[in-house]
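Let the hints inform the model, and build the full structure from the sequences given.
Number of protein chains: 2
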Amino acid sequence: MNKTIFNYKKNNSKRVYISTDSGIKVGMKEVSLQNDSKVLLYDTSGIYAKENYTHDIKKGLPKIRTEWIEKNLEKYGEFKTQLWFAKNGIITPEMEYVAVRENQGLTNESKKITPEKVRSEIAKGRAVLPSNPKHPECEPMIIGRDFLVKINANIGNSALGSSIEEEIEKALWAIKWGADTVMDLSTGENIHETREAILRNTPVPIGTVPIYQALEKVNGIIEDLNWDVYKQTLLEQCEQGVDYFTIHAGILKEHIPYALKRTTGIVSRGGSIMAKWMDYNNTENFLYTHFVEICHILKQYDVAVSLGDGLRPGSLADANDEAQFGELKTLGELGRIARANDVQVIIEGPGHVQMDKIKENMDLQLKYCDEAPFYTLGPLVSDIGAGYDHITSAIGGAMIAWYGTAMLCYVTTKEHLALPNKDDVREGVVTFKLAAHAADVAKGHPGAIERDNEMSKARYEFRWMDQFNLSLDPDRARKFHMEMIINSDKDYCGMCGPHFCAMKITRSIKNK
Amino acid sequence: MNKTIFNYKKNNSKRVYISTDSGIKVGMKEVSLQNDSKVLLYDTSGIYAKENYTHDIKKGLPKIRTEWIEKNLEKYGEFKTQLWFAKNGIITPEMEYVAVRENQGLTNESKKITPEKVRSEIAKGRAVLPSNPKHPECEPMIIGRDFLVKINANIGNSALGSSIEEEIEKALWAIKWGADTVMDLSTGENIHETREAILRNTPVPIGTVPIYQALEKVNGIIEDLNWDVYKQTLLEQCEQGVDYFTIHAGILKEHIPYALKRTTGIVSRGGSIMAKWMDYNNTENFLYTHFVEICHILKQYDVAVSLGDGLRPGSLADANDEAQFGELKTLGELGRIARANDVQVIIEGPGHVQMDKIKENMDLQLKYCDEAPFYTLGPLVSDIGAGYDHITSAIGGAMIAWYGTAMLCYVTTKEHLALPNKDDVREGVVTFKLAAHAADVAKGHPGAIERDNEMSKARYEFRWMDQFNLSLDPDRARKFHMEMIINSDKDYCGMCGPHFCAMKITRSIKNK
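Chains A and B, in that order, are what the protein sequence lines are.
Per the working numbering, the very first residue in the first sequence carries number 1; after that it's consecutive.
Per the working numbering, the very first residue in the second sequence carries number 1; after that it's consecutive.
Because the hints were derived from the structure by calculation, they are not lab data.
A couple of the hints might just be wrong.
As the list claims (entries may be wrong) - DSS-like, lysine-lysine: derived pairs with alpha carbons at most 25 Å apart:
1. B:Lys359 <-> A:Lys359
2. B:Lys504 <-> A:Lys253
3. A:Lys58 <-> A:Lys134
4. B:Lys134 <-> B:Lys25
5. B:Lys261 <-> A:Lys504
Given the structure is predicted, the values throughout are model-derived calculations rather than measurements.
Spelled out as C-alpha cells, the structure:
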C-alpha cells in the first residue's frame with residue numbers, strides 16, 4: 001500500500017530518523033535539493049514513507065512507544081498522564097521526541113525548542129501531548145500555541161456511507177498530506193471495527209466523539225441515552241487506544257433558550273444531541289454532572305479531553321452570541337477541573353464567524369480557558385461559499401491560528417453538501433496545512449519561514465524540481481507545470497515566454 | 001454561446017433591469033427562492049445572462065453608453081473624465097448606474113449608496129469609475145473602499161499559448177463567475193486583434209499593460225524601447241477602448257540597487273522591463289519622465305491609470321522592504337499628478353506578504369497615496385503553496401480587502417506553474433469573489449451580510465435549491481450534493497444520516 005500512497009523517492013525525499021542524546025529516533029522528511037543541500041521537514045507519514053517498508057494491515061504498525069510505556073508503568077505502578085509528568089518536573093521520552101520534531105531542520109541552537117520548554121508548556125496547561133498508552137503506534141506530537149500549528153482531518157462513515165477499508169485509506173491519505181491528528185467520526189455500523197483498524201494502522205493521535213457510538217448503542221433514540229451507556233463507551237474506546245475525546249459537557253440547560261433564538265440553532269451534532277436529551281429529561285447535561293467521573297476514567301489512559309463547543313455558530317448571524325460565549329465560559333470551568341485531575345485539555349471553537357469577529361473569539365478563549373490550546377473548525381468567514389468552504393474556512397483558520405489557535409480542524413470542499421472523497425481529503429488537508437504554515441510564519445515560529453525562503457531561492461534560480469519538492473503537494477505542482485512545460489532545463493517556462501520572464505530579466509541586470 | 005455559458009434559468013435566477021428615476025436601466029441578478037421570496041444580487045454577466053438573448057461575436061455587445069457619451073460630447077465639445085465631472089459637482093449617468101448596482105437588493109433607504117456618494121468619492125480620488133468612451137459596451141462599475149470589493153481576472157495568451165477564441169471565452173467565463181474587470185495580458189501574436197475581440201464582447205472594464213505590446217513592437221528587445229513607440233501603443237489602445245492601463249512609472253533608478261539585493265529580485269514583468277531599460281540606458285524611467293504627457297493622453301479617453309508596483313515582493317523574504325515602499329511613495333506622487341490632470345488613479349500592491357506584514361501595506365498606501373483605491377495581487381501569505389496559490393492569496397486578499405483594499409487581482413491554482421485553463425479561471429474567480437465578499441461583510445458594507453443570512457435560513461430550513469442558487473457557484477454546489485443525495489425532499493441528507501442531523505434535532509426541540 002505504501003508503495004502507491006507514499007512516494008517520497010519520486011520527490012527526491014526520504015524518511016530519515018534523527019537520534020536524540022538518549023537514543024530516541026525521530027522520524028523526519030529530508031528533501032534533497034538540486035544544489036546539493038538538504039532540507040529537513042516535519043513529517044506525519046510515519047514509517048509508511050520509509051524506503052522499502054512494506055505494511056500488513058492485519059499486523060498494524062510497529063509499537064514504537066511500548067518500551068517507554070512499560071518502563072513508566074513498572075516505575076509508578078500505574079499509567080501517568082503527560083500532564084502529571086510535566087507537573088512533577090519529569091521530561092518523558094514523548095516530550096523529547098516532540099522537541100526534536102518541532103525544530104524541523106533549524107540549526108540556530110538558541111531558537112530551538114527544548115524538551116524542558118515542552119514540559120513547561122504542558123505543565124501550564126498551555127499544550128497537550130495526546131498519548132494513550134493503548135495506542136503505542138502513535139508518534140508523539142504536541143498541540144499548543146508556542147508550537148507549530150497543527151491540523152486535524154475528520155474521517156468516518158455515516159449510516160449511508162463508505163466502508164472500513166475506505167476509511168483507513170482516507171486516514172493514511174490524510175497523514176500523507178500532513179494531517180497531524182485524525183478524528184474518526186463514524187456513526188454507522190461497524191464503529192468499533194473501523195476504529196480498531198484505524199488505530200492499529202495510523203501513526204498520529206486519533207480523536208473521537210464518544211456520544212456518537214453511545215447513541216448507536218441506544219438505537220439512535222436520544223431520550224434513551226444515559227451515563228452508564230456513555231461510560232461503557234468511554235471505557236471501550238479508552239481500551240482501544242483513542243488519544244482524545246470530544247465531549248460536549250459545556251452545553252447546559254441555561255444555554256438552550258439562547259440557542260433556540262438563533263438563525264441556525266445548534267449545528268454541532270453532539271451539541272444538538274445533548275440539548276435534545278436535556279430538553280426531554282428536563283435535567284442538566286449528564287456529561288457536565290458526571291464530568292469528574294469522566295476525568296477519572298480519562299486520567300487512567302492519558303486520553304485528552306477536547307471540550308466540544310456544542311453551541312458553535314453555524315452562521316454569521318449567530319457568531320459570538322450569548323449561547324456561544326456562555327458555553328465557552330463553562331468550557332473554561334471544566335478545563336480547570338480536568339487539569340486538577342491531571343487530564344490534558346483542549347478547547348474547541350467555531351464555526352461560522354466573520355473576519356471582524358474572529359479575534360474576540362481568541363481573546364475570550366484565552367481569558368476564560370486559562371490559555372488551554374484552542375482547536376477550531378475554520379472559522380468560515382462567510383456562509384455563501386458552498387463548494388468552496390475549504391477556502392472560506394482556511395481564511396478564518398489562518399487568521400485565528402495567527403492570533404493563537406493551536407490546531408485547526410480541516411473543512412473540505414464538500415462541507416455542507418456531501419461527504420468528502422479522497423480528492424476532497426487531499427484538497428482539504430493541503431489547504432489547512434497552508435493556513436497553519438502561514439500562521440506559523442506570521443507568528444515568527446522558529447524554522448517556519450525557512451521553508452518559504454528555500455522555495456523562493458529555488459524559484460529565482462529556476463530549480464523546478466526543488467520548487468515541486470518543497471511545496472506541500474509536490475505531485476500537483478509537478479503535474480501542473482509538466483502539462484505545459486516545453487523544456488524544464490531552459491531558464492524560462494511557458495507562462496511568460498522568453499521575452500517576458502521577470503526573473504530572467506532581473507538576473508540579466510545582476511549579472512552585468 | 002450564452003445558452004451554454006450563462007445558465008441562469010437552471011438556477012432559478014434571471015437577469016432583470018432596475019430603472020432609476022431618470023430611466024437608466026441597471027442589470028441585476030434576481031434569484032427566486034423556494035419560499036417565494038426573491039433576492040437581488042450584483043451581476044457582472046451583462047446581457048449575456050438575459051433570457052433568450054443570442055449573441056453574435058462579430059457584431060459585439062449593444063453599446064449601452066453611447067447616448068450618454070454623445071450627449072456629453074455635444075455639451076462640452078470634448079470628452080471629460082468622470083473625475084472632471086465629479087470635481088465639478090456633476091452626477092453622470094454612469095454614477096447613477098453604479099449607485100443602484102452597489103445597493104444590490106437593499107431595502108433600507110438610509111443605508112443605500114446614493115449617486116451623490118459616488119460622485120463625492122470619485123471627486124476625492126478615493127474611487128475610480130473606469131469608462132473609456134470608446135468602450136460603450138461596458139456596464140459602469142466603481143472601484144473604491146467605500147464600495148463593494150471588486151475582483152479582476154487576468155487573461156491573455158503568451159508567446160507559447162492559446163488562441164483568440166479561447167481568450168474571449170475565458171473573459172466571458174470570468175464574468176459569469178463574477179469578475180468585475182478583466183485584464184488582457186496577452187504578449188504573443190495577434191495582441192491587437194485579441195484585445196479588439198475582447199473589448200467588443202465584454203461588458204466589464206478591460207485593463208492592459210501597454211508596455212507588453214510596446215515591447216513586441218521592438219521585437220522583444222528591451223534596450224530598443226522608447227517613449228515614441230510607447231506613446232503610439234497608448235494611443236492605439238485608448239482608441240480601441242481599454243478602460244485602464246497598468247503603467248510602471250514608479251520604479252526609478254534609485255530603487256534598483258535595493259531590488260537587486262533581494263531574494264527574488266523583480267517579479268513584475270513590467271517592473272523588470274523598466275529596470276533593465278534604465279540599467280542599459282543609464283537614464284531615468286521614461287514612463288516617469290513622460291508621465292504628464294501620459295496623463296494628457298489618458299485624460300482624453302478617460303482611461304484610468306493603475307500605477308503598477310514593479311517592485312512588488314515575489315517572496316516573503318522581500319516583503320515590505322525599501323524597494324517596495326520606496327516605489328510606493330513614488331506612486332503616491334504620480335497619483336497626485338494624474339488627478340491634477342483629471343485622470344482617475346488606482347495604486348497597485350503586492351505580492352507575497354506574510355499575514356503579520358499585510359496591514360502595514362494598507363496603512364502606508366493610505367498615507368502615501370491619498371486614499372486612492374488600492375488594487376492588490378493577493379497578497380500571498382506563504383511561498384510554499386504551489387498548486388494552491390489561489391488559496392494562499394485568498395487568505396491575504398480577504399485580509400487586505402477588509403483593511404481597505406478596493407480591488408483584488410485573482411490568482412489561480414496554476415500561479416507560478418502554468419497558464420490557467422477554464423477550470424482554473426472559474427476556481428480563481430469564485431475564490432476571490434469569496435474573499436471579496438468576506439471583506440464586504442467584515443467591513444459591514446450595507447447589503448453584504450444579507451446574502452449570508454438568506455443562505456443560512458435556507459440551510460436551516462433544508463431548502464437545498466436555494467442553498468445552491470444563493471452560493472457563488474450554484475453548479476458546483478448542486479453537483480456535489482446531488483452526487484450523494486438520496487432524496488432531497490427528505491429533511492435530512494446523506495452526510496449525517498437521519499439520527500445525527502443537528503439541525504433536524506434542534507428543530508425538534510423548537511417544535512415541541
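Hints, verified against the model:
1. As the CA atoms of lysine 359 (chain B) and lysine 359 (chain A) are separated by approximately 15 Å, the hinted pair is consistent with the 25 Å bound.
2. The suggested pairing of lysine 504 (chain B) with lysine 253 (chain A) holds, with an alpha-carbon distance near 19 Å, which does not exceed 25 Å.
3. Our distance criterion of 25 Å between C-alpha atoms is met by lysine 58 (chain A) and lysine 134 (chain A), whose separation comes to about 17 Å.
4. Only pairs whose Cα atoms come within 25 Å are accepted, and lysine 134 (chain B) paired with lysine 25 (chain B) is accepted, the gap being roughly 20 Å.
5. A hinted pair counts as satisfied when its Cα atoms are at most 25 Å apart, and lysine 261 (chain B) with lysine 504 (chain A) qualifies at roughly 15 Å.
No hint from the list above goes unmet by this structure.
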